[in-house]
Amino acid sequence: MAGGRWRRLLTVPSVGLLLVLAGCGGSSGSTGGLGSGDLLVGVLAPFSGADANLGPAYYAACLAAAPAINNNGGVGGRHITCQKFDTRGEPADAAPAANQMIASNSNLMAVVGCTSDEASAVAPIVDKAHIPMFCMTGQSEFNKTKLPYFHRLVPADIFDAYGMVGWVIYGPSHPAWNKVALVFGDDIGSQSFVQPATNALQHFGKTVKNFPIHLGASSFRTEVQSMLAFKPDVIFTEALGSAGTYLGEVKELNGGQTIPFIGTSATIDPAWFKDVTSTISVNDVVQFYRGVDLGYTFSGTAYDEFKANLQTAASTFANAPKYGQRGSTLHLYDGIIMTALAMVATNSKDPTVYNPKIKEIANGTSGATVVHTYKEGLDALHAGKSIRYTGAAGQNNFDQYNNSQSGYILVKYDAQGGEVQLASLTPEQTKKLSDAGGL
Amino acid sequence: MSLLIAAFGFGLVSMSVIALAAVGFTMQFGITNMINLAYGEVMIASAYLAYYVNQAGVSIWIAMLGGAAFGAVFSFLINRFVYAPFQRKGTALLGMVIVSLAVSLMIANGMLPIVGYFSVAYRERFSHLLRIGAIALTVNQIVIIVLAVAVMLAIHALLRYTRLGKAMRATAANPTLARNCGIPTQRVIDVVWLITGGLCGLAGVVAALDSDSFTIASGAGFLITALAAAVLGGAGQPYGAMLGAVIIGLITELSAAVWAPDYKQVVAFGILVLVMLLRPQGLLAKRGALAAAG
Chain C
20 MAGGRWRRLL TVPSVGLLLV LAGCGGSSGS TGGLGSGDLL VGVLAPFSGA
70 DANLGPAYYA ACLAAAPAIN NNGGVGGRHI TCQKFDTRGE PADAAPAANQ
120 MIASNSNLMA VVGCTSDEAS AVAPIVDKAH IPMFCMTGQS EFNKTKLPYF
170 HRLVPADIFD AYGMVGWVIY GPSHPAWNKV ALVFGDDIGS QSFVQPATNA
220 LQHFGKTVKN FPIHLGASSF RTEVQSMLAF KPDVIFTEAL GSAGTYLGEV
270 KELNGGQTIP FIGTSATIDP AWFKDVTSTI SVNDVVQFYR GVDLGYTFSG
320 TAYDEFKANL QTAASTFANA PKYGQRGSTL HLYDGIIMTA LAMVATNSKD
370 PTVYNPKIKE IANGTSGATV VHTYKEGLDA LHAGKSIRYT GAAGQNNFDQ
420 YNNSQSGYIL VKYDAQGGEV QLASLTPEQT KKLSDAGGL
Chain B
738 MSLLIAAFGF GLVSMSVIAL AAVGFTMQFG ITNMINLAYG EVMIASAYLA
788 YYVNQAGVSI WIAMLGGAAF GAVFSFLINR FVYAPFQRKG TALLGMVIVS
838 LAVSLMIANG MLPIVGYFSV AYRERFSHLL RIGAIALTVN QIVIIVLAVA
888 VMLAIHALLR YTRLGKAMRA TAANPTLARN CGIPTQRVID VVWLITGGLC
938 GLAGVVAALD SDSFTIASGA GFLITALAAA VLGGAGQPYG AMLGAVIIGL
988 ITELSAAVWA PDYKQVVAFG ILVLVMLLRP QGLLAKRGAL AAAG
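From first to last, the protein sequence lines are chains C and B. Numbering of the first sequence is given in my numbering, commencing with residue 20 and proceeding in unit increments. Numbering of the second sequence is given in my numbering, commencing with residue 738 and proceeding in unit increments.
Extracted from the complex, chain C is given alone in its bound form (with noise of 0.2 Å):
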């Protein structure tokens, strides 16, 4: 990463001898409504510090998107660049960090990132920026935003935590859980499952104990020992990078044994599966862990070219292809392709012109042609189509409030650290859940 940043170092009096030239020259390659020049798209999000784990997730998406939409001709000639833009996960760092990412680069299209950790202080200055973003934050106050450039294709927390819930009572091949401990971390994001799922598991009879963490701690010996004399079935968790060390004081306590544990789709991640591994071997984590994450095919012509650009990017970002079955590096990757048919389709340069296209490209409209790949929906657009676009992640479906949702799918991880899918919760089983919860 320290290279991609010399590099940068490097690059930015380049362009900005190469912005001095096209003054000099007059603008090239302008198409239109487009403009010229290349389009960035800004990963903010975290890079250092406790979750620095989630921002190379979200670099990867852009990545990978990039020559999608770079090999077929651009945004109307212009070339999409990547760029990160590090909030280090804490909300002091990240307003600056944006503000920063806006006043420097005009040649914004779009904005990926902004997880829980810093959501709430980035969104509303993007938005004034009327720059769209993506955004990979569960936060409820998201849940009606008001806020127009927002989207959000994954969705709020609470359904992680019903997903968990319904593993208990409807996932298939396990003993009955009848305790359960909550052990979360003491941050915003992870905190918002306690309730939903505390909720959810006591309508269904079971008895459920709260054991939050201090995130970044050095040891929980005193917080296992509380946990172990509950004597849980199954432990429900989301305590990134406290994880390895948790779950390692649980087995050594526990004379060498693991409890089941059931994680939130964040914890679909190569770093928290290497985390969780390191302390408490590969085979602990076959055997024991389960997890919930979004409904994702892992096939297609979409994801086909996702994986594919994902191998290519690792000549500039070496763990690139690690994120191939992570799903906001699959939900990124379509967001960024979405606003680059939604600026071809308006024909716009200008935010607020293309941005509720996005909307319009990712839901369709009656009689719109589907379509997987950039490519696809540039020839579709340029035929005089209206397009719908289901993407690496699958369809899409944005209510009024921008936030798009889908169902979860029960898995565990095999041991080379791939999702393997054992069940899936019918929208009946969800609804029920999330009757259960009752927020």
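Read the hints as simulated data drawn from the structure, not as lab findings. In this text the structure is predicted, and so the values were computed from the model without any measurement. Careful: at least some of the hints might be erroneous.
[What the hints assert, rightly or not] Not everything, but these chain C residues come out facing chain B in the computed CB check (under 8 Å):
(1) Pro231
(2) Ser238
(3) Glu242
(4) Ser245
(5) Glu268
(6) Glu271
(7) Lys293
Think of the CB as a built atom: it goes at the ideal place given N, C-alpha and C, for glycine as much as any other residue.
With chain C held as given, fit chain B onto it using these hints.
Frame of chain C; chain B shown alone:
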């Protein structure tokens, strides 16, 4: 009650880890007048060096020595090539704090592309669990406690009974006077950076081993607890740092047992604030090991 006793046992481990880190940190400040905020990053750099040695098949207990040696040399070099030139120019203490913060960021960001952001763990992270009543400790944790006690005794012996220790105390009390009395203060300071750097490296490996897994981001957490223990005991006082480590180590674990675990840091740092209000110089400021000899 049994949870409280278990928490006391865990507190012994926590205080051992904190003491190893805090004593080195506070000695750096007490003798060289340097608040080294890069201490946590040197700890984590040493932990990573031990990790790579450990991955090559070497026992973590031997790799730990490598980590300590690395910490010693790295700290010595940082002082020689960064801190000392600034101090010679008369940079004020606050300025030196900013310089050390810059060094901390440079180390962290310099390491990131090398070690990555993924968690790692030593091969010997698991060891046999021993139960003595309600106290449950692993063999690794018992070794860490014994190691910390041995190191604390060695530091005590060094400061109290050796010529070098007396020279350190003299340099800490009044460097100009010490120099005029024929003490080679520059050499003493070099040795202090080697010794405290070694402690820093050792503490980094021990903390990483105790944590089961660690990442590049763990350094900040290590620094905060070491800093808190050092300040609580009286900045610059090794015995104060030991006392501070005992208090913070035990209180964090005991408060997690009797109250909400997510507030254990709040309790520990609340006590730190309270002590600072009542006794701003720290618990042992007037009676520390680095007080003037004789």
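Query - Broken hints, by number - result: Result: no hint breaks.
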